[in-house]
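Turn these sequences into a full structure, and let the hints guide you.
The chain contents come next:
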Amino acid sequence: MTFLDKLQNNRNALGVLFMLPATVLLVLFLTYPLGLGVWLGFTDTKVGRDGVWIGLENYEYLWGDAVTRLALFNTLFYTFVASVFKFVLGLWLALLLNRNIRFKTFFRAVILLPYIVPTALSAIAFWWIYDAQFSIISWMLVKMGLIDRYIDFLGEPWNARLSVIAANIWRGVPFVAITLLAGLQTISPSYYEASAIDGATRWQQFRFVTLPLLTPIIAVVMTFSVLFTFTDFQLIYVITRGGPLNATHLMATLSFQRAISGGALGEGAAISIAMVPFLLAAIMFSYFGLQRRAWQQGGQDK
Amino acid sequence: MSSSTVATPSPQAGDSVGMSYLDTPARKFVTIYLPLIVFLIVLLFPFYWMAITSVKPDGELLSRTGNPFWVIAPTLAHFDKLLFRTAYPEWMWNTVFVSVVATAFSLAASVFAAYAIERLRFRGSKHVGLSIFLAYLVPPSILFIPLAAVVFKLGLFDTRWALILTYPTFLIPFCTWLLMGYFRSIPFELEECALIDGATRWQILTKIVLPLAVPGLISAGIFAFTLSWNEFIYALTFISSSEIKTLPVGVVTELVEGDVYHWGPLMAGALLGSLPVAFIYSFFVEYYVSGLTGSVKE
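The listed protein sequences derive, respectively, from chains A and B.
With the working numbering, the residue at position 260 of the first sequence is 260, and numbering never jumps.
With the working numbering, the residue at position 258 of the second sequence is 258, and numbering never jumps.
Any given hint might turn out to be false.
[Unchecked claim] List time: in silico EDC-like cross-link candidates among lysine to aspartate or glutamate, alpha-carbon distance up to 16 Å: (1) A/K104 - B/D197; (2) B/K207 - B/D197; (3) B/K207 - B/E191; (4) B/K81 - B/E254; (5) B/K207 - B/E192; (6) B/K153 - A/D50.
These are calculated hints, taken from the structure and not from any lab test.
Next comes the structure, spelled out in structure tokens:
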């Protein structure tokens with residue numbers, strides 16, 4: 001038996017060999033940078049200058065920094081509002097698409113477009129739609145007689161926050177809708193027939209059949225949605241760059257501004273690392289959501 | 001829930017409410033088609049706006065009279081400027097090159113990894129599978145600062161290789177996770193038969209598993225290509241020379257000159273940059289959807 005034959009029959013050796021390309025790449029460009037990021041957060045590294053260990057100084061500074069606090073508030077507000085809307089609108093859209101309708105394939109295909117095109121490019125379109133002087137939304141509202149002055153979408157803090165949230169919802173709804181639609185299609189029609197015979201109304205069917213059976217997939221989809229919304233960067237960077245007066249800065253855009261534009265790598269890394277606890281909370285939420293599924297389908301609690 | 005059932009739902013399961021024949025056409029229109037049309041208009045309007053702006057002459061763009069939804073004298077001037085007086089074609093080429101190479105590389109690495117985790121079941125494969133899933137959840141926006149330091153130390157800063165080597169950090173976890181699901185759906189018996197007949201693991205992988213997993217490979221490939229095409233934050237951070245920028249970054253950073261926004265060329269750039277992914281997507285909608293739904297399933 002040659003060495004090659006032996007290798008072919010040893011699952012452990014072959015497994016390690018097969019894992020090698022993926023592992024090397026992920027360790028070098030994912031695990032190591034993750035650790036490096038934690039370390040950088042405890043140093044005063046600048047671009048082009050190695051830093052020294054300064055303990056929690058970055059975090060202490062950031063905790064007292066008004067802009068960082070504002071960015072944290074913005075991120076939480078942005079994530080919460082956008083996720084609620086994405087969930088409600090996405091579920092509604094999924095329920096509509098799950099009905100017996102004409103051109104179903106067409107609708108389903110076209111609705112995903114906002115999700116698949118580059119976000120940076122669709123964000124430019126939103127930037128133009130929100131333009132202070134030529135906004136098409138303002139134009140329509142003026143023509144309808146609802147307002148008499150053009151809205152300054154991106155110049156006022158709250159207007160700007162709500163505008164970028166609207167753009168984020170626009171981008172995120174298709175993802176939620178299509179994945180929930182896939183979940184809806186796994187629900188057997190016999191449940192609906194049985195509940196209809198028992199005299200359940202449409203609302204009762206939704207409340208007591210659809211929603212409980214859909215809960216596990218909702219948990220997963222919303223975890224992903226929260227994860228990507230919380231760490232969003234592109235939309236803000238393109239539409240407002242964090243302005244006006246830092247009113248739309250998210251943690252991700254602020255860390256970019258401090259670390260790459262400002263050169264304070266250590267401080268920027270600390271902002272990134274400060275996002276991790278929130279992300280872990282989201283992942284835990286998903287984990288328990290998945291456990292609930294096993295329990296609901298008569299499986300063992302893990 | 002296997003991915004194939006997600007991609008092609010059975011016709012009876014599609015009609016979830018078995019009593020829809022009780023709806024009057026008018027009621028159906030108000031409760032279903034009307035909201036659906038509103039959704040469609042809102043979701044597609046930015047694309048329409050991109051397209052119509054990209055063919056509007058500057059005079060019409062900046063005039064306050066007339067109907068902004070339509071164009072009276074369409075022009076290709078913005079496209080002309082974009083294609084012949086900016087580095088746009090180079091950005092397009094960079095994006096194609098980086099996306100294709102990163103996708104091919106990630107797909108190859110993922111096939112081996114997924115097969116090893118799902119079928120070789122080597123010692124510790126379950127833990128490796130879980131860590132792949134966790135790697136998939138690491139967002140680029142918390143990774144880009146230390147990654148920039150790594151890229152710099154390796155001397156890759158401001159080269160295409162910086163992107164080709166870092167994109168797999170989100171492509172490999174995604175593709176591996178997706179392919180694991182596909183490999184799981186291939187019956188074990190096929191491999192057992194092949195093993196008894198004396199096939200090696202390599203032969204099993206190339207002659208039995210891969211041909212059966214072609215839909216999965218297409219899903220993973222399409223999805224990985226789109227993810228690389230749309231990537232923004234790494235390309236923004238690791239590249240500074242105009243001629244090797246990717247398309248989204250080039251449009252955002254180079255086409256905006258000072259306070260004067262050239263909306264025509266900007267919209268033309270956004271439109272042209274979106275078309276390739278939309279085009280590929282239109283051919284592979286089913287694969288894309290099954291990739292999307294497969295990526296969030298357990």
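To see whether the hints hold, each was checked on the structure:
no. : hint            : in the structure
1   : A/K104 - B/D197 : violated, 47 Å
2   : B/K207 - B/D197 : holds, 13 Å
3   : B/K207 - B/E191 : holds, 10 Å
4   : B/K81 - B/E254  : holds, 13 Å
5   : B/K207 - B/E192 : holds, 14 Å
6   : B/K153 - A/D50  : holds, 12 Å
The structure fails to meet hint 1 from the earlier list, while all remaining hints are met.
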